[in-house]
Amino acid sequence: MNVRKYLATMKSAAAVWALCTTCAFAETNIEFIQWWEPEMPAGALRGIMDDFEAANPGIKVKLVSGPYSSTRDQIVVGAASGTLSDVVGLDGAWVNGLSKQGAIASMDSLMADAKYDQSQIADIVKVNGQSVMFPLASFVYPVFVNLDMAKAAGIETMPTTRTEFAAAAKKMTNADKNEYGWVLPLALQNPGGIQNDVMSWVWASGASMLKDGQPDLENEAVVGTLEYIKALQDDGVISPGIFAKKEQDKVEEFVNGRVGMMVDSLAHINLIRERNAKLNFGISALPAVDGYTGKRGLPYASWGIGISDSSEHKAEAWKLVEYLMSPEVNGRLVSIANAFPGNVNAKPDFSKSDPLFEEAFKIFQSGTLANEFVGLPVAEDLMRDMNVEVQKMFDGQQTAKEAAANTQKQWLVEFAK
Amino acid sequence: MNSANDILMGTHAGMQKPSAPKSRLRKQGMLSYKTKKRLVPFLYVAPAAFLFSLLMLFPMITVFRYSLMDGAIMKKNAVFVGLQNYVTIFSDPVFWQSVGQTLYFTVMSVVFHLLIGLAFALLLNTQRIDPTLRSILRVLYILPWLFTAVIIAIIWRLLLDPNGVINSILIALNIVDFKVEWFSSTKTALHALTFANIWAGYPLYMVSLLAGLQGIPKELYEAAGIDGANEVQKFRYITIPQLMPIIISIALLDFIWTMQVFPLVWMTTGGGPIHATEVLSTYTYKLAFSSYEFSLASASAICILIMSMSVTYFYIKHQKAR
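Listed in order, the protein sequences are those of chains A and B.
Using the numbering used here, read the first sequence as starting at 1 and increasing by one per residue.
Using the numbering used here, read the second sequence as starting at 1 and increasing by one per residue.
FYI, nobody ran anything at the bench for these hints, they're computed from the structure.
Remember, predicted model here, so these are calculated numbers, not experimental data.
Warning: the hint list may mix true and false statements.
[Stated by the list, open to error] Below, a list of computed lysine-lysine pairs in the DSS-like style, where the Cα atoms sit at most 27 Å apart: (1) A:246 / A:401; (2) A:246 / B:179; (3) B:75 / A:417; (4) B:187 / A:401; (5) B:75 / A:126; (6) A:319 / A:126; (7) A:230 / B:187; (8) A:352 / A:278; (9) B:179 / A:230; (10) A:170 / A:278; (11) B:179 / A:170; (12) A:211 / A:177; (13) A:319 / A:62; (14) A:409 / B:75; (15) A:126 / B:76; (16) A:170 / A:392; (17) A:100 / B:75; (18) A:177 / B:187; (19) A:170 / A:246; (20) B:187 / A:392; (21) A:100 / B:37; (22) A:230 / A:171; (23) A:230 / A:401; (24) A:401 / A:417; (25) B:179 / A:392; (26) B:179 / A:177.
In isolation and in its complexed conformation, chain A is listed as follows:
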């Protein structure tokens, strides 16, 4: 009897163990590396992941979060060692290198298997014809204008053309009072100033720095933009210290009322309000060349998403990507992040956001997203090369034409690799 009882207990234990093991095996854990969690309100991204887990029993998501730069380094190292997380938060500037390294997977087959409607995606970033990244949330860069400074300078309307912008910047400048019309950050640590504050002028006028996927920096639009910016410097309307100025310095000067206008991310609206609640400012699309009537290119930075090629759970990873890109979840995520959606059907709720977001959304809808650095090889290095050449131009060592030609030479070398 005792033996029977013992055997029965053993059988039950074995059954429970087998059941637990089956459950454990049935559960798939995927990692999601990104830099977004620290930039969102506490628990916001985790909340979305919890909802995903509830909707997809058997998949657990582990968030691997950190600041932007350390996340980038982690991704580079993970890509090299084959230990990259299943789902990867991507910046357009990294995509080409990671793709060439074979670190991020093409999502074409996953989309085909899932019969995914690609038309709902605002932009699909491709490298060598393979879809490797979806911009999940986009942060548009309009021109921020200090309305009080503008009013004091006698400026009634937001500048819409380059001529109007230059005139407004000139009027707002009063060097004796440390007030300047515009601020341009060209520090070399993060050469993003080239993308956001220099080349954005080219894209705003519908022009391009590429031709057939190759550098085309000696074209009239690029050289003209460099000449325009140099003219602003010669007029003394740019806040001094350009070569050592970082993006945060730019925002700081605007917050303190030392500059009248800046090109900046919408993501900074809340920050500006927090730092100086009394600052009266507005936004407008980046001015275009005089006479331009086409759609305005809107420079943007994005939170991109992709899947690691070394992932053993690509199907589950795709489910998470699909979930985050769905209209409802995408709308919810961008509403929290104060960004614009990656899904064209998503409807962000700006009712609780700053009124400027609604205005920005109109600018977003009337223009087109433009950032030609997305998907380029060693994009950050390209920006740095150009940054150095633009600095030489500002330093009087070369003309705008020479700066463009020298950058072109360096870029061609990078593109040929």
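Model the placement of chain B on the given structure of chain A, informed by the hints.
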């Protein structure tokens, strides 16, 4: 100690029968007693050697290996290319500019660290200053040493901003009549950066030299005074020779450390404007984490290692001589 020896020799009570004769115990085991005895020192240093190999030697060898490969880390099938990466960086004019600027930055920093550190140490050692004031000065002078590189970079970025305090003072005193762009001008950036580094690093010298000054026997000065030596002569013939071993030691160490300074340079100028403050550490960093050229970055890192090791050689020689 004895217990450890016993274990290593295999003679611990727990391992052998207590009653067994010693000669029999020695014969037991695979190794002879002599061999075991010879192995003892190696076993003592084994943990340290293992850690050194794991944390220092292995990364160094790996970096050296990378420097001989094409597309290390980034290519799955990186191939051996010999010294090609070294040829590439040696033919880059920015590399040589970085070498020159690294040497300027390092030599100026070491020289001024020494001069300022020695001056402050002498000031804090003198009996002519009120003890309370001396204590306050001691705290004030050591402050830069307590700040991290990030704080130092922020402080000097703010102070040397075109609209910063330094410019305001200089303009108010009519020394300059325009806003100097200290970190943003190719003419001033390297000097401004070196200045910030000098400010951040002199307290090491000050503390070390102060300790050295306090250790100089007073009798030497008394004897020199009796012989008619003046203050300058006492300084030249007693103070400096007495401090020389400390000066050489910290100067050599400072030279090695300063040559590798990265955070301060990166956070103030990032190697710019243009390449005006490019030093070997920023040059290497950009190759690795901006261009993703890890092989070239490794070659550059090996060059820094060789330069540091050449100074280390003198340091070790000096230490042996002492």
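To see whether the hints hold, each was checked on the structure:
1. A:246 / A:401: 25 Å, holds
2. A:246 / B:179: Given pair residue 246 (chain A), residue 179 (chain B) holds - Cα atoms ~19 Å apart, limit 27 Å.
3. B:75 / A:417: Roughly 12 Å between the alpha carbons, so the hint for residue 75 (chain B) and residue 417 (chain A) holds.
4. B:187 / A:401: With a Cα-Cα distance of about 24 Å, the restraint between residue 187 (chain B) and residue 401 (chain A) holds, given a limit of 27 Å.
5. B:75 / A:126: Given that 27 Å is the threshold and the Cα spacing comes to 20 Å, the pair holds.
6. A:319 / A:126: 20 Å, holds
7. A:230 / B:187: Measuring from Cα to Cα gives roughly 20 Å; hence the hint holds.
8. A:352 / A:278: 20 Å, holds
9. B:179 / A:230: Roughly 19 Å separates the two Cα atoms, so the pair holds.
10. A:170 / A:278: 24 Å, holds
11. B:179 / A:170: 19 Å, holds
12. A:211 / A:177: It is violated: about 44 Å lies between the C-alpha atoms, which goes past 27 Å.
13. A:319 / A:62: Distance of about 14 Å is within 27 Å: holds.
14. A:409 / B:75: OK: residue 409 (chain A) and residue 75 (chain B) at ~25 Å, within 27 Å.
15. A:126 / B:76: 22 Å, holds
16. A:170 / A:392: 23 Å, holds
17. A:100 / B:75: Holds, at about 9 Å.
18. A:177 / B:187: OK: residue 177 (chain A) and residue 187 (chain B) at ~26 Å, within 27 Å.
19. A:170 / A:246: 23 Å, holds
20. B:187 / A:392: Holds: residue 187 (chain B) and residue 392 (chain A) sit about 13 Å apart, inside 27 Å.
21. A:100 / B:37: 56 Å, violated
22. A:230 / A:171: Distance of about 18 Å is within 27 Å: holds.
23. A:230 / A:401: 11 Å, holds
24. A:401 / A:417: 25 Å, holds
25. B:179 / A:392: Between residue 179 (chain B) and residue 392 (chain A) the Cα gap is close to 20 Å, so the pair holds against 27 Å.
26. B:179 / A:177: 13 Å, holds
Against the hints set out earlier in the document, violations occur for numbers 12 and 21.
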